[in-house]
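Chain by chain, the residues:
2 protein chains.
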Amino acid sequence: MAERIIVFDTTLRDGEQSPGASMNKAEKLRLARQLEKLKVDVIEAGFPVASQGDFEAVALIAKEVRGLTVTALSRTEKTDIDRAWEAVKEGANPRLHIFIATSDLHLKYKLKKSRKEVLEIINKSVSYASRYTSNIEFSAEDGSRTDPNFLVQAVRAAVKAGATTINIPDTVGYALPEELGERIRFVREQVEADDRVVWSVHCHNDLGLAVANSLSAIQNGARQVEVTINGIGERAGNTSLEELVMALHTRKDLMPFTTGIETKQIYHTSRLVSRITGLVVPANKAVVGANAFAHESGIHQDGVLKKRTTYEIMTPKDVGLDQSVLVLGKHSGRHAFQDRLKELGYVLNPEDLKKVFERFKELADKKKEVVNEDIEALIADEILMIPDTYKLVYISVISGNMAVPTATVQIEINGEIIQKAGFGVGPIDATFNTINKIIKTCTKVCNLVSFSVNAITGGTDAQGQVTVRIQQGSKVILGKGSDSDIITASAKAYLNALNRLDYLKKNPIKSWS
Amino acid sequence: MAERIIVFDTTLRDGEQSPGASMNKAEKLRLARQLEKLKVDVIEAGFPVASQGDFEAVALIAKEVRGLTVTALSRTEKTDIDRAWEAVKEGANPRLHIFIATSDLHLKYKLKKSRKEVLEIINKSVSYASRYTSNIEFSAEDGSRTDPNFLVQAVRAAVKAGATTINIPDTVGYALPEELGERIRFVREQVEADDRVVWSVHCHNDLGLAVANSLSAIQNGARQVEVTINGIGERAGNTSLEELVMALHTRKDLMPFTTGIETKQIYHTSRLVSRITGLVVPANKAVVGANAFAHESGIHQDGVLKKRTTYEIMTPKDVGLDQSVLVLGKHSGRHAFQDRLKELGYVLNPEDLKKVFERFKELADKKKEVVNEDIEALIADEILMIPDTYKLVYISVISGNMAVPTATVQIEINGEIIQKAGFGVGPIDATFNTINKIIKTCTKVCNLVSFSVNAITGGTDAQGQVTVRIQQGSKVILGKGSDSDIITASAKAYLNALNRLDYLKKNPIKSWS
Numbered sequence: 071m072a073e074r075i076i077v078f079d080t081t082l083r084d085g086e087q088s089p090g091a092s093m094n095k096a097e098k099l100r101l102a103r104q105l106e107k108l109k110v111d112v113i114e115a116g117f118p119v120a121s122q123g124d125f126e127a128v129a130l131i132a133k134e135v136r137g138l139t140v141t142a143l144s145r146t147e148k149t150d151i152d153r154a155w156e157a158v159k160e161g162a163n164p165r166l167h168i169f170i171a172t173s174d175l176h177l178k179y180k181l182k183k184s185r186k187e188v189l190e191i192i193n194k195s196v197s198y199a200s201r202y203t204s205n206i207e208f209s210a211e212d213g214s215r216t217d218p219n220f221l222v223q224a225v226r227a228a229v230k231a232g233a234t235t236i237n238i239p240d241t242v243g244y245a246l247p248e249e250l251g252e253r254i255r256f257v258r259e260q261v262e263a264d265d266r267v268v269w270s271v272h273c274h275n276d277l278g279l280a281v282a283n284s285l286s287a288i289q290n291g292a293r294q295v296e297v298t299i300n301g302i303g304e305r306a307g308n309t310s311l312e313e314l315v316m317a318l319h320t321r322k323d324l325m326p327f328t329t330g331i332e333t334k335q336i337y338h339t340s341r342l343v344s345r346i347t348g349l350v351v352p353a354n355k356a357v358v359g360a361n362a363f364a365h366e367s368g369i370h371q372d373g374v375l376k377k378r379t380t381y382e383i384m385t386p387k388d389v390g391l392d393q394s395v396l397v398l399g400k401h402s403g404r405h406a407f408q409d410r411l412k413e414l415g416y417v418l419n420p421e422d423l424k425k426v427f428e429r430f431k432e433l434a435d436k437k438k439e440v441v442n443e444d445i446e447a448l449i450a451d452e453i454l455m456i457p458d459t460y461k462l463v464y465i466s467v468i469s470g471n472m473a474v475p476t477a478t479v480q481i482e483i484n485g486e487i488i489q490k491a492g493f494g495v496g497p498i499d500a501t502f503n504t505i506n507k508i509i510k511t512c513t514k515v516c517n518l519v520s521f522s523v524n525a526i527t528g529g530t531d532a533q534g535q536v537t538v539r540i541q542q543g544s545k546v547i548l549g550k551g552s553d554s555d556i557i558t559a560s561a562k563a564y565l566n567a568l569n570r571l572d573y574l575k576k577n578p579i580k581s582w583s
Numbered sequence: 071m072a073e074r075i076i077v078f079d080t081t082l083r084d085g086e087q088s089p090g091a092s093m094n095k096a097e098k099l100r101l102a103r104q105l106e107k108l109k110v111d112v113i114e115a116g117f118p119v120a121s122q123g124d125f126e127a128v129a130l131i132a133k134e135v136r137g138l139t140v141t142a143l144s145r146t147e148k149t150d151i152d153r154a155w156e157a158v159k160e161g162a163n164p165r166l167h168i169f170i171a172t173s174d175l176h177l178k179y180k181l182k183k184s185r186k187e188v189l190e191i192i193n194k195s196v197s198y199a200s201r202y203t204s205n206i207e208f209s210a211e212d213g214s215r216t217d218p219n220f221l222v223q224a225v226r227a228a229v230k231a232g233a234t235t236i237n238i239p240d241t242v243g244y245a246l247p248e249e250l251g252e253r254i255r256f257v258r259e260q261v262e263a264d265d266r267v268v269w270s271v272h273c274h275n276d277l278g279l280a281v282a283n284s285l286s287a288i289q290n291g292a293r294q295v296e297v298t299i300n301g302i303g304e305r306a307g308n309t310s311l312e313e314l315v316m317a318l319h320t321r322k323d324l325m326p327f328t329t330g331i332e333t334k335q336i337y338h339t340s341r342l343v344s345r346i347t348g349l350v351v352p353a354n355k356a357v358v359g360a361n362a363f364a365h366e367s368g369i370h371q372d373g374v375l376k377k378r379t380t381y382e383i384m385t386p387k388d389v390g391l392d393q394s395v396l397v398l399g400k401h402s403g404r405h406a407f408q409d410r411l412k413e414l415g416y417v418l419n420p421e422d423l424k425k426v427f428e429r430f431k432e433l434a435d436k437k438k439e440v441v442n443e444d445i446e447a448l449i450a451d452e453i454l455m456i457p458d459t460y461k462l463v464y465i466s467v468i469s470g471n472m473a474v475p476t477a478t479v480q481i482e483i484n485g486e487i488i489q490k491a492g493f494g495v496g497p498i499d500a501t502f503n504t505i506n507k508i509i510k511t512c513t514k515v516c517n518l519v520s521f522s523v524n525a526i527t528g529g530t531d532a533q534g535q536v537t538v539r540i541q542q543g544s545k546v547i548l549g550k551g552s553d554s555d556i557i558t559a560s561a562k563a564y565l566n567a568l569n570r571l572d573y574l575k576k577n578p579i580k581s582w583s
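Listed in order, the protein sequences are those of chains A and B.
Going by the numbering used here, the first sequence wraps up at 583, each residue one higher than the last.
Going by the numbering used here, the second sequence wraps up at 583, each residue one higher than the last.
Note that these hints are calculated values from the structure, not bench results.
All residues carry an ideal CB built from backbone N, CA and C; glycine is no exception.
Please note that the accuracy of each hint is not assured.
Short, incomplete list of chain B residues facing chain A, as computed with Cβ under 7 Å [what the hints assert, rightly or not]:
hint	residue
1	Tyr-244
2	Asp-276
3	Asp-323
4	Val-467
5	Ser-552
So, partial list: chain A residues that the calculated Cβ filter (under 10 Å) puts toward chain B [what the hints assert, rightly or not]:
hint	residue
6	Asp-84
7	Ala-91
8	Leu-175
9	Glu-249
10	Gly-359
11	Ala-434
12	Ala-477
13	Gly-485
14	Glu-486
15	Gln-489
Derived DSSO-like pairs (lysine-lysine); straight-line CA-CA distance at most 27 Å [claimed, not checked]:
hint	chain 1	residue 1	chain 2	residue 2
16	B	Lys-376	B	Lys-109
17	A	Lys-376	B	Lys-186
18	A	Lys-377	B	Lys-182
19	A	Lys-412	A	Lys-425
Model the full structure from these sequences, guided by the hints.
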């Protein structure tokens, strides 16, 4: 039977050490609740002695999140251990996690202590902790660069003093898979404590090897892995939960291990961590990146359309995503393009299809990625040749700290010029409100889905680019405008979208509803 | 002696297949020139039959970039091979790269061909290609999921027909390190062509194992690795060049292999690819991410200050970066904080230091990351208690498509209200010009370094947040402002910065210059 691996999530502790990723108490609690849904076994909620905020967050999580083990990190000092215990003690199954460095490099330059002193410290601190609980994890910091024989001594001291989980961290992301696996096996065999302790591994990704190192450790006897969501953490980060779990899941044939993870919660958890920490998930991140299930080349798209498994080893649904994406770009073939048109509700005659496909290829040669709205804009402009029903004649906006932002707009509709004035909380809001007054279309039948001003960086005289998306029924229509005046650019973008909407309502294409 | 590994960069071909990463001809040439500086051995410049743009880019690169091998991808069709050769033939050392899938899954669903047919196709296409050149690479697509015995047959056919490089791709990122290593070894041993061919591997990162798989292949006889800068590519991307190269470099002790890569060009190349493709390098990306050499926790910072190697296994200089970064955040200790103050030119008395450090810890508990300008603002506000010399009394701005953007601004300076009007190319430009007219400080002695409006996404009534940075001498001063009116927010931010500048000029701190 497949052996169970304990998933120890340290997004809230090591993950939070990603520069820029600090989270506040409320954010940490929210994430801890999501980790409970994801069904991790252990949450390392923080390092209570580091700050008052950290202490409070750990205490709150221990009290509120009951379905798993909550642990807190602690140095070997009594005050650290007291503080950590104070924070976790209300937990359903609290654990103390004590660490000290064991490599000669760290002993000499950082701790300035002898091996003998370190062994004594381990003995004392773990013994002290065991007055509080028998659920004690001990980590030998920089374990992958520690003399293996001294590592054995350190671990023996920890086990003797009462540690029940022994963690061998690759603190600096230096190990190679085979090397780390052998080390875990060596220490396990030397310490001879297999029935009493759970062996754990904690890897960093400095050489891109965190997942491989963790898997190798598991294959050599580790039964706990320390991971973070999205692989965030100090420097290049930690082993990413999603990659490790999906590797075990996908390659059950060679690795007979299971985890308790609810894989369908992976995608949602990844997005939550990204939103809270502000750390963007790169498009090409394995498992959870925007492109992880996106196929760009014509050959791959063709393959996936014929049989998904030709280019997909796991399904997006496994991780809680609805579907994979065939991204249209210059490498896309006619097959995928026609497929997309059909999805969008366009059925073109062969001649028009040829024309649009050529224009699409030209566009794709210039532009990074062709999205659905681009295709609709392309069909609108190139094939349907949409006339501008609404033309911006005049716009003037007043704003300031004493003025009520006011817009005066003239729009020409079928040769007639209509003029209105309107207000808003800011100048752009005033402009859109006034346009809505003139053109009744939008207020009644559609929603403004999104409005974005491209971040302007550089001089104040840079061109402002505005994109709006409005929605009618299930259709989303794109509008773009640019002008050195950001307010005028916004007005242009909004009218651009309204013109498309108007045309499509008057000239319904097959299956447009 | 360390054996030499051939680095085959496919950023321009597989990398370009990252959804959203399409590059135009000029961008491709620029990148190819940088890859030459980085000293990769082979560039796969594109897939000429895919589009006219691709063809032209490959031809241009082959002609212009002479210090390495330029290759182009091709299916097994004669027209593909002709087109690929047409594109690369002017190269200094052109190579043809022909591929066909060999796994039963691909044969059945995608190619709809029998194994026998595929063997014939391999023989025919490689033989046809060898009329053009003897520098032929053959790839057995989905090689990691191909029946090993059929893989041997396919490779034998390719070698017999004239292929000189044999590539075994893990097309879908499915392999485990040991498994892929064994496969490479098995095929090599069965084919018995070691003196005639170079063995190559091409891995994808779907399970986070691309680097480990490539290293395992090398340890089992592969002498060419196919990689991309930043690991971009289809789905989760390819093996990243920087991780693979730095792993070999850092772990020479266990892996006796070298590459020709000029590691000091790595960082620059990574940034170039990011700028060209628009694909952001995540902060926690190994080797080239913003945090790869950043240390956040107090313990790590303390260690690095004492001895760099305690927490760094390679130096930032190795990859072309100037220095590692100690990021100040809630985990930072007093030591690192004081160090930073000194760097910034502040020497505070113990009492003030205590006060600032406490405020800093409070700020760090709330804020993601504390940057230098935050610290200066904190010292200014909390310790120096800067009064507002310039107060915004009134602002009114008119803009529109017919109006010359005009701002009227009143600012109170020492109890006196000064009022001016001014113009600009847009409303924000007009506002800043007018403020400059009133306050002469900035136009003479300082530069506007950056101006950024946070991308507004959501409703048009969202709060606008504006950040400006102005520079005097070597000092950069930050200003922030927010308001539901984006123009007013800009004015507030600019005045905020000017107030700080004014104070610091009147009250020079030690070493302020």
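Checked hints:
1. Restraint check, Tyr-244 (chain B) versus chain A: the minimum CB separation of about 5 Å is within 7 Å; hint holds.
2. Hint on Asp-276 (chain B) holds. Least Cβ distance to chain A is approximately 6 Å, under the 7 Å limit.
3. Interface restraint check for Asp-323 (chain B): the shortest CB-CB distance to chain A comes to about 10 Å, outside 7 Å, so the restraint is violated.
4. A cut of 7 Å between beta carbons decides the hint on Val-467 (chain B): the least distance to chain A is about 6 Å, and the hint holds.
5. A hinted interface residue such as Ser-552 (chain B) counts as satisfied when its beta carbon comes closer than 7 Å to some beta carbon of chain A; here the least separation is about 11 Å, so the hint is violated.
6. Interface hint at Asp-84 (chain A): satisfied, since its Cβ lies 9 Å from the closest Cβ of chain B, which is below the 10 Å cut-off.
7. This hint holds: Ala-91 (chain A) has a C-beta 7 Å from the nearest C-beta of chain B, less than the 10 Å allowed.
8. For the restraint placing Leu-175 (chain A) at the interface with chain B, the shortest Cβ-Cβ distance is roughly 6 Å, inside the 10 Å limit, so the hint holds.
9. Evaluation of the Glu-249 (chain A) hint against chain B yields a held restraint, the C-beta minimum of about 6 Å falling below 10 Å.
10. For Gly-359 (chain A), the interface hint holds, the least distance from its beta-carbon to any beta-carbon of chain B being 6 Å, beneath 10 Å.
11. With its C-beta approaching chain B no nearer than about 7 Å, Ala-434 (chain A) sits inside the 10 Å limit, and its interface hint holds.
12. Because the closest C-beta pair between Ala-477 (chain A) and chain B is about 8 Å apart, less than 10 Å, the hint holds.
13. Because the smallest distance between the Cβ of Gly-485 (chain A) and any Cβ of chain B comes to about 20 Å, over 10 Å, the interface hint for this residue is violated.
14. The interface hint given for Glu-486 (chain A) is broken, as the beta carbon of that residue sits about 19 Å from the closest beta carbon of chain B, more than 10 Å.
15. Nearest Cβ of chain B to the Cβ of Gln-489 (chain A): about 13 Å, over the 10 Å cut. The hint is violated.
16. A threshold of 27 Å between alpha carbons decides the hint, and for Lys-376 (chain B) with Lys-109 (chain B) the separation of about 35 Å lies outside it, so the pair is violated.
17. Distance restraint check for Lys-376 (chain A) and Lys-186 (chain B): the Cα-Cα separation of roughly 22 Å lies within the 27 Å cut-off, and the hinted pair is therefore satisfied.
18. With a C-alpha separation of about 12 Å, the suggested pairing of Lys-377 (chain A) with Lys-182 (chain B) holds against the 27 Å cut-off.
19. Between the alpha carbons of Lys-412 (chain A) and Lys-425 (chain A) the distance comes to roughly 16 Å, so the proposed pair stays at or under 27 Å and holds.
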